[in-house]
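Novice: This is what each chain is made of:
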Amino acid sequence: MDRTQLLLGLSIALFALGLLGLIIRRNALVMLMCMELMLNGVNLSLVTFSERYADAGGAVLVFLVFIVATAEIALAIPIVLLLVRHTRSMDIARYTDLKG
Amino acid sequence: MPSQDALIAMLPEHFLLVGIIALILLEVLGLGTRAALWVAVVTVSAAAGAALFLAQLGFAPPAPFPGLFSVTPAVFMAKGALLALAVPVLLMSRSEFADGEFSILLLSSLYGLCLLPSSESFLVMFVGLELLSVPVYALVLLAFRKPQSAEASFKYLVLSGAASATFLMGVSLLYGASGSMSVETFARALSSGDAMSRAATVLIMVALFLKAAIVPFHAWAPDAYEGASVPVAAYMATLIKAAVLLAAVRVFGVVNASGPVADLLLVLPLLSIVWGNLAAIRQNSFRRMIAYSSIAHAGYLFYAFLGDGASRQSAVVFYVVAYSVVNLLAFALLPENAQDDARDNLQNLKGLYRRDPLAAGLIGISMLSLAGLPPFPGFVAKFLVFRNVVAAGHTTYAVLGLIGSYIGIYFYLRVLLLMFMSPDNAVPSERRASGMARMAGALCLVATVLLTIVPGWVIARF
Amino acid sequence: MDEALVLNLILWLPIIGVVLLLAARRNDQLARSLTVGVLTLQFVLASWLYTRFDAGAAGLQFASNVPWIPQWGVSYLIGMDGFNILLVMLTAFLGPLVVLGAYRSIDRDVPLFHAMVLLLQFAMMGAFLAQDLFLFYLFWEAMLIPMFLIIGIWGGTRRIYATVKFFLYTAFGSILMLAALIYLVQALALTSSVTSFAFADLYRARLPLSVQTVLLGAFALSFAIKVPMVPLHTWLPDAHVEAPTAGSVILAGVLLKMGTYGFMKLGFPLFPDAARAFTPALMTLAVISIVYGACLALVQTDIKKIIAYSSISHLGYVMLGLLSLELVGIQGAIMQMVSHGLVAAGLFLLVGMIYERCHTRELSDYGGLARLMPVFSVFFMIFTLASVGLPTTSGFTGEFLALLGAFSAAWPLHVAGQSYPLILASVAVLGVILGALYMLRFALTFLFGATTAPHQPLSDLSPRERGILGALVISIFALGLFPDSVMHKSELAAREYQSLVKTSRLPVPVP
Amino acid sequence: MISMPHALAAIVLLPLAGFLLNGVFATSLGGKRFGNRLAGILGCGFPIAAFALTVNALLTLQAGGYAPLIEPLYRWATIGDSTFDVTFYFDRLSAIMTLVVTGVGSVIHVYSTGYMHDDKSYGRFFAYLNLFLFFMLLLVLGRSMLVLFVGWEGVGLASYLLIGFWFDDLANAKAGKKAFVTNRIGDAGFLLGMFLLYRACGTLDMDTINAAFMGLAGNVPVVSASLVGILLFIGATGKSAQIPLFVWLPDAMAGPTPVSALIHAATMVTAGVYLVVRMSGIYIHAAEASQVMAIVGVATAFLAATIALVQTDIKKVLAYSTVSQLGFMFLALGVGAYGVAIFHVVTHAFFKACLFLGAGSVIHALGGEQDIRKMGGLRTRIPITFWTFVIATAAIAGIPGLAGFFSKDEILWYAFASSRGGSPWLWGVAALTALMTAFYMFRLLWLTFLGPSRMDHAVEHHVHESPLSMTGVLMLLAVLSAVGGYFSIPHFLDAQVPLPTIVAEREHYEQTLLIVSIALAFAGLALAALMFGGSAARPERIKRALLPLHRLLSAKYYVDELYERLLARPLVWMSEQVLLRGSDRFILDGLLNGVAAVAVRSAGLLSRLQTGSLHLYSLFVMAGIVGALVWSWRHG
Amino acid sequence: MGLLALGSAALMLVLRQPMRVALALITTMVALGGIYGLLGVHFIAAFQVLIYVGAVMVFIVYVIMLMELREAEGSRRFSNWRVPGLVVFSLLLLVFGVSVWSGGTSTVPSGVSAPFSLVEFSAEFLTRYWLVFELTSVFLVAAIVAALAVIKVSLRVDG
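Residue numbers (numbering that gives the first Met the number 0), protein chains in the order written: chain A, 0 to 99; chain B, 0 to 461; chain C, 0 to 510; chain D, 0 to 635; chain E, 0 to 158.
Careful: at least some of the hints might be erroneous.
Unchecked claim - Per the computed footprint, the stretches of chain A lying under chain B, defined by three or more beta-carbons under 8 Å from a beta-carbon of chain B, are:
#1 6-17
#2 20-26
#3 32-44
#4 50-61
#5 74-88
For the record, the hints were derived by calculation from the structure and aren't laboratory data.
Cβ atoms here follow ideal geometry from the backbone N, Cα and C, with glycine treated the same way.
Looking at chain A on its own, in the form it has when it is part of the complex:
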């Protein structure tokens, strides 16, 4: 088992943990953090491959991910605030008005 595989495994594990977090955590902010975790997992593998191939493409994408992640959080936080303002709860499981 070489380093690449190890790092790739770690990356996948982080990605999967992030996804699992979306499923099992109720707190809206924690869910957002889990999304970040997923992106971090991806970044890890991108960096790994970028380094392996000595290609800047991966690094550029990582750079993009940083920006996107920032932007998403910047957008998500006000949405969460708006959400919380109405129900006074961070518990996403309570937001089931839209269904059926």
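Dock chains B, C, D and E against chain A, hints included.
Specialist: For chains B, C, D and E alone, kept in the frame of chain A given last:
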């Protein structure tokens, strides 16, 4: 360095950018919000016109941005058609959105849309996808009339974020397998046997499925559509879906679907068709019904990928255009109501024919076209798709898909039943669709008629 | 005048009418007159073309061919031939009568109603005239929509159920047909590298028997639903009962013929080997339809249902004639189609007229109408007898020739030791007994005995109504007494059908 | 003799013109005095003109040495190589039939002007009668079986309309329907036979078919003559009221009496006989079919006669008598004596028409009373009717010298001695039937005209002799009944349909049998006189002695009930319970609604899956990824 | 370093307090930054720490602190779908693992390659990838407008 070709190649995008800047300036300077809409309309029309004009010219620079961005007449055509479809969306927004932000966000999103079919690299495609969806999170929330909008926005954001992450994961695996960010790697990976490539293609497909709302990745769509306002729901149901499909066309290139992805393209779309059409039967929210309908339509659209790679683009573009046009037609003519829930309630369409025969008639046409019944464009589109499926040798799936589409006929008919055959239902504070919305409807109607009468001519151009 | 142009005009006149109706949407009376005018003009033009039609020339006449979706080989290809000429005439003839018949009974949303009738007329005309499978399918499906609205908006109390049932039932068949036609065209493209939807090209497709069977199954399902053949018929009684008179008339008069026309023009000639292999099965269904429809008509208490079930029975004869592959039988089937169109239309019009006066469809509510409405009764009797297939009426011409054909085809098989077709043909002949039984039961309760109709006094038929029925009666007798010149027009088509179905088109083994 | 183009067509079309004109006047001028007069003139004029033309045509035929006159009218249809022509064919056989139809038809029209005088639908009645004549003439003059069939069904229609003429009473209309439907059963057989012939001979022209079967046209058709014969005979049993389809005829008496005379005695019901004779080329080669025909004929004759013994309705007695006489005709046909059958058709037309019209006169006189138990003693009140009735009764009973004697005696003789299936058995049954015929006819005569009056007072008061239009016709027919037998039709027809040869060893019985049959006629007369001539108690005693038998006969052997139980009710039950409720509603619609319900159910299920929980949605996503990856291994 | 990242990531899912979750995430991120550093892509490591930990996480922590006060006690940590979630999660790991480890990385060059520096990266970024750079700016504009729009909505709802 930017040459003249490169400048022209991104002409539609440049128009949009200029429009965005102009709108921001207007907003910052606090100048008339009324003007904002017109600026946006002019911008989008100009962009669409430019794209169509370039397509007509057959403008195809060899490599304006090597490895990142490319254009062909067909791509221009697709962009032009979709940008033109944004005009009705803008016109429709008049009654719901007073501020200029709507236009800015919409134009930004359109900018992302334009990037997708031209991406040569996953870098550009990723930016395009994000640019496409990030403004929409805000758009969903923008006409905040009910707390559910925030819920819808959040759900959309989280699942869309998950889709982005999945997409990136796939891209990174692909990158790992090939060392390149080029979209071509996906097509190559389709036929490659190694496990990582396979996993990568599957993940990218899943991400696209998520964005396009294919079962079982569809769950956000009904909630998001219902929570959004009418123009935004219309935008999501039509142009966003179209953009995602264009992205999918781009990644597939011209190769024929094969390997595990081909299987996914058979099974999940079929599931979507059946699921979407079934679940729509009992809905009472118009937008939720359209959401399920769009899930089913996403199924048909991905079916189109089974066919011959060379004709895929025209099939998909024709389908999304035909589908979007009639969808927008219905949204445009929906009677207005200060109460968003009342506007959304299907029961309030009861007896619409007596109150507003024109709207009822056109919504009816839209529903029949969505159901894929001749002679409306939806039929030709459906025909196109299933022709591809049969040509690819998947006759059984074609038959199953058609049967699935049959299930859907009922709920479209139900709208007609309500509008034409139910006693008039006086809805409080209901107004007929505004003049602007009607104008949007008229544009869509013209397009519908065009697509009905000369489908062959149109297909030949995509 | 250019005949091809006139044919196009015939097809598109209703659309022009619809556009004109948009202008007249506030004025009910104008809408009615406009529609009658447009449809009458259509009939006049159709009659002119009928006289110009050269019965001695095979193939299409007055054809137009414009490439439409050239990528797929789809063309706007229409034309008249022996297959459709009589049905086109029937459609054009019934058009104005339907509108005139509905002159009084439709009082809500009059312009919309007439627009729907015109659209329906357009679609039906198109389906008959189309010579391209794609175009045909387009018109075939397009028929559903106006009919759906006609039943659903102006229908009776259970109209929603009936119209949805009608729509979904027929649409189901069409969906499978769509799959089959896509497959067919693909297969043609693969085997002969011709990408075309034109019937003439598709008639050359060579397919293995198994494929033919499956495709025929899909086409046949669609057509059999439309005919309708037992056991796919249950939409018909509901649709008929709930539809307004005009709807019933069009439905029985023209729409049902679509199914048999489809079998004749497409189903059997496209897949001849499968058709021949499945002739006994289809014949069985046809005979079951004859007997089943008749038996059910016998026990109905709703007057419209009686006629509805009788239609099922009558169209069974058409199928029998078509399946016989004997010239006599085929010609009989064509005549029976036209005849049933006229007779069923007349009966539904009559029922509509009495319904307008009494507002009930219960058979037991009526009695002794012969005393109350003598003119009505005379007409009713004539249509009843034509329905029974009494000689000198068109019903006899069709039924007799169709049965003769079926029998002629079955006898040699019997001599060769295969008696099943003969038994079927004989049972079908026995169907004429049941036909007399249920129609006369209907007439007996309806016309004779003590006078019990509600809403007395009843006014007898108005001149308008007499005119409508008179036109139908004249045509019924004309077809009964002098069918020769009419059948002459379809003779070559019948021969073509015969040779198409009789010639095997299995793939030629590659040497 | 006047020669004219379309002479035969004119015969046929004249009554049609009468129908059309009368039809128009009947609806527009109905009930008005002028309208009635006009209707009467039109109604009688056209048949009389047709009769005149028929005589003319006969003369033409004679002048041409009896070569058949063939007169094409128009081509009905051309299909491929086969053509269906409307052509008229006039030979000895059609000549006789046409004469009977137009002749008897004309006089009955005249009679009707008196009989129907007060009816409110006078014009309609003549329209229908004319219509009937048109179809009947089409039947007897058509060259093609198709034309014959048109007439065949057409007379059925006319019969239907006339039976139900007084449709205010539903029973009358029902009787009409029964007649039509029963006939239709026969027609189905006819159609099958016709199809078979078409298939075998490629044509429906009857002379060609006959020639083909006789082997004159080269190759003999491959079809079994007996099969065709049986099928056509089924058609004949319907029209000519033979077992098993005779049930409609007695009910048909619901129509006005002239109708019974014309259609249900003299002409229409003999169409079956005509058909068989016309197709004799086939029957000569159809030994089995002929045998069946003889047996059915004699059985019908016997059965109907037994029923007639106990009937109390004057018209019903005559109706059963008609059935019985038709049985005799089929007996003759069955043993190959075609000419004799036609002979009996003619004589029967005379005396039975006379009897029916006489009965009509009685009914007319009694203001509608038909029950012979409420008659009696009419001999002096309506003498002309009485005497004509006597002559006709004597004729039917076979009293020597009168028309019926000659024809019936020949039938009995051939039944006994014909080389084509004659047998003593047939003769025996037929002779017994002849005895019964004489008995029930004289019984009828006695109860109606002789003995003490049993009429209601109100009725008795009104009894009057009928007008000249009726009595004149009665007298004419009585004369014909008396002398009609002296024109030997079998001899006249021999050139066309030769009589069968006589079995050599039975030849010498001829004298004996003649005497026996005369004896039987008189025996019947004597028996009737014995029974009804004395006190009324005597028949009552006999009736009580034979009560079960009497009940059986009065109930007409329960045939109607049998058919009702065996055919009608099971049919309705099956349609209603099995097909409508079981198949249509339960299975087919049930299946449909079931599918719809499943769709709605699953829609609900899918809706419930959409809980609104983002966690669940995320779970879907993850599960989807897992599933998709696992699926992708299939290609590993 | 990898174990640290993994461990803290797992902690994220079980910790009750959002603040602690945030701290665990920061730990993960820093650990990842460390890995990047070890891999030789130092500038990415720097970005990781600067942008993620410095900007994003500070923002989140700030919000958490803001919200913490309002958050009602007793809200449960895990959703109703934790058990199926865990099952599917383990399946996912299994599937991924099999996909990747069954010779999945065989195409990746395993030799030591020269890590590229910030200078090289910047040069590449501004030459080959300048378009991406431009597009990123468009994206940022859009994101800012979107965020502003949402905040405006919040203000409108409050006002």
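Novice: Each hint: holds or not?
Specialist: Structure-based check of each hint:
Residues of the stretch 6-17 of chain A lying with their CB closer than 8 Å to a CB of chain B number 5, which satisfies the three-residue condition for coverage. Only when three residues or more bring their CB closer than 8 Å to a CB of chain B does the claim for the stretch 20-26 of chain A stand; here the count is 1, and the claim is violated. Only when three residues or more bring their CB closer than 8 Å to a CB of chain B does the claim for the stretch 32-44 of chain A stand; here the count is 6, and the claim holds. Taking a C-beta to C-beta cut-off of 8 Å, the stretch 50-61 of chain A contributes 7 residues in contact with chain B, enough for the three needed, and the coverage statement holds.
With 8 residues having a beta carbon nearer than 8 Å to a beta carbon of chain B, the stretch 74-88 of chain A meets the requirement of three or more and the stated coverage holds.
Consistency note: the structure conflicts with earlier hint 2 alone.
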